[in-house]
Amino acid sequence: MTRIIEILSESLISLLILGGAVTSFISSIGLLRMPDFYTRSHAAGKATTLGVLLVLSGVFFHFWLAEGQADARLLLGIVFVFITAPVASHLIGRAAYRSGVRLWEGSVLDDLREGGGGHDTEEAKRDRQH
Amino acid sequence: MMEMAVKLALLLLSLSILGNLYRMLKGPSMPDRVIALDAVGINLLALIAMVSIAAGTRVYLDLVLLIGILAFLGTAAFARYLERGVVMEVDPDHRDPQ
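Line order of the protein sequences matches chains A and B. Each step along the first sequence adds one to the number in numbering that gives the first Met the number 0, with nothing skipped, and position 47 is 46. Each step along the second sequence adds one to the number in numbering that gives the first Met the number 0, with nothing skipped, and position 23 is 22.
It is worth saying that the hints were derived from the structure and are not from the lab. There's no promise every hint is true.
[What the hints assert, rightly or not] Simulated restraints on C-beta separations:
no.: 1; chain 1: B; residue 1: VAL85; chain 2: A; residue 2: GLU113; range: 20 to 26 Å
no.: 2; chain 1: A; residue 1: GLU5; chain 2: B; residue 2: VAL86; range: 49 to 55 Å
no.: 3; chain 1: A; residue 1: THR38; chain 2: B; residue 2: LEU24; range: 17 to 23 Å
no.: 4; chain 1: A; residue 1: GLU113; chain 2: B; residue 2: MET3; range: 52 to 58 Å
no.: 5; chain 1: B; residue 1: ALA53; chain 2: A; residue 2: GLY67; range: 56 to 62 Å
no.: 6; chain 1: B; residue 1: VAL50; chain 2: A; residue 2: ASP110; range: 38 to 44 Å
no.: 7; chain 1: A; residue 1: ILE4; chain 2: B; residue 2: LEU10; range: 26 to 32 Å
no.: 8; chain 1: B; residue 1: VAL89; chain 2: A; residue 2: ALA71; range: 35 to 41 Å
A virtual CB, placed ideally from N, CA and C, is assigned to each residue, including glycine.
Turn these sequences into a full structure, and let the hints guide you.
What follows is the structure, encoded as structure tokens:
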């Protein structure tokens, strides 16, 4: 019985850790391959957060199930990353738009554009083509 | 099985930090470098947690919190700097009563 629990907990931990690491790796590929800042910030802001949350919960379960003592610092780290990573992503995205970083020429909508928010116009499309 | 998973995760996280560092050096715009730096910080946090499993110790777990806080503060300060040109705003009209 103990052996079964051991195997199950090891599988759970390995699954969480590997899933998180693969998600982080995919987000790094996204950061390298995406065409402009705003799409890259999707990869960096969402996928990295998810990957790190999975890895940290895997580590938390490792210390809880395999070593028998849960660690509050890891829980605090998980909650902190979960709260702050989207905020940081939002802040830097807003700063980028206000400091004039251009959209990719293939993007279809720019809601924050002066005068023309909500629907796309020919003028806005020309504006993006540099 | 566990050891293999830990080693593979260490490898993948290191590779993703390398990719983020490339984006940080290449740019092209300043916010690109800042989100890449933020991603490096967050990946480093996961890497430290993995190292603490591989080394079988809990003493590194404080660093998880520390790096999380530092990465967030750094990104917030950079965002403020890019948006307004200053990090801390000093109002010249507001003086302490003498």
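Hints, verified against the model:
no., hint, result
1, B:VAL85 to A:GLU113: 20 to 26 Å, "24 Å, holds"
2, A:GLU5 to B:VAL86: 49 to 55 Å, "51 Å, holds"
3, A:THR38 to B:LEU24: 17 to 23 Å, "20 Å, holds"
4, A:GLU113 to B:MET3: 52 to 58 Å, "55 Å, holds"
5, B:ALA53 to A:GLY67: 56 to 62 Å, "19 Å, violated"
6, B:VAL50 to A:ASP110: 38 to 44 Å, "43 Å, holds"
7, A:ILE4 to B:LEU10: 26 to 32 Å, "29 Å, holds"
8, B:VAL89 to A:ALA71: 35 to 41 Å, "39 Å, holds"
Checked against the numbered hints listed earlier, the structure breaks hint 5 alone; every other hint is satisfied.
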